[in-house]
Amino acid sequence: EAQVTQNPRYLITVTGKKLTVTCSQNMNHEYMSWYRQDPGLGLRQIYYSMNVEVTDKGDVPEGYKVSRKEKRNFPLILESPSPNQTSLYFCASSPRTGLTDEQYFGPGTRLTVT
Amino acid sequence: KNEVEQSPQNLTAQEGEFITINCSYSVGISALHWLQQHPGGGIVSLFMLSSGKKKHGRLIATINIQEKHSSLHITASHPRDSAVYICAVESGLGQGNLIFGKGTKLSVKP
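Protein chains in written order, with the numbering used here: chain V, -15 to 98; chain P, 2 to 111.
Chain V with its partners taken away, still in its complex shape (with noise of 0.2 Å):
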């Protein structure tokens, strides 16, 4: 089945503990992104990759790290977490050939951070 994972779905953590949310595709995507999503502002984008060792900040990068050492994984990484960086997070991909661009999304994941 085609589609896009994310772990952990749901996270609480303290203040200053590094973590990672995970992402992987298996379509073979060469577009992943990652956005976030809080009450009152939308989707907001954090970090994009149109291909393998290829990463853009997006909106809002600040206080995240991502990598893209193979097609499949996109992992996005909280080196210091701070409480507003709680919000609900989201991974997503894309074929980008130009004939559908249409994004697939992951299930989200609820991250906490206290």
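Since no wrong hints were added, every one of them can be taken at face value.
Computed cross-link-like contacts, EDC-like style, restricted to lysine to aspartate or glutamate with a CA-CA straight-line distance of at most 20 Å:
id: 1; chain 1: V; residue 1: 41; chain 2: P; residue 2: 91
id: 2; chain 1: P; residue 1: 56; chain 2: V; residue 2: 86
id: 3; chain 1: P; residue 1: 106; chain 2: P; residue 2: 82
id: 4; chain 1: P; residue 1: 56; chain 2: V; residue 2: 85
Rough simulated footprint, nothing fancy, chain P against chain V, three-plus residues with beta-carbon under 8 Å:
id: 5; segment: 20 to 29
id: 6; segment: 39 to 45
id: 7; segment: 88 to 98
One-sided excerpt, in silico: chain P residues whose CB lies under 7 Å from chain V:
id: 8; residue: 42
id: 9; residue: 44
id: 10; residue: 46
id: 11; residue: 49
id: 12; residue: 97
id: 13; residue: 99
id: 14; residue: 101
id: 15; residue: 103
id: 16; residue: 104
These aren't lab readings, by the way, just hints derived from the structure by calculation.
Beta carbons: idealized from backbone N, C-alpha and C, even for Gly.
Fit chain P to the supplied structure of chain V, relying on the hints for placement.
Relative to the frame of chain V, chain P by itself:
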């Protein structure tokens, strides 16, 4: 000023009604996306447009590049269409960089 504005913010309709959700943007774009977020939180991509019009079932999306405006229409609305509909634009300068509207919450009553 938000770069992507959606209207209305909230919309309540009766089953069977024709629905229009609007999206205006202020930046140059290479593409515009319409997304649907279900009450359970999952997000599905409905359309990606760079010009003209696309249709999928009861959903129609149009874009006017000169006016920097897009509309999402739902014909013969049904309670299962109740969701948040989100417009996102892909910047013409930085392809892959998406800017989102705040969404339109649609409720269709039986």
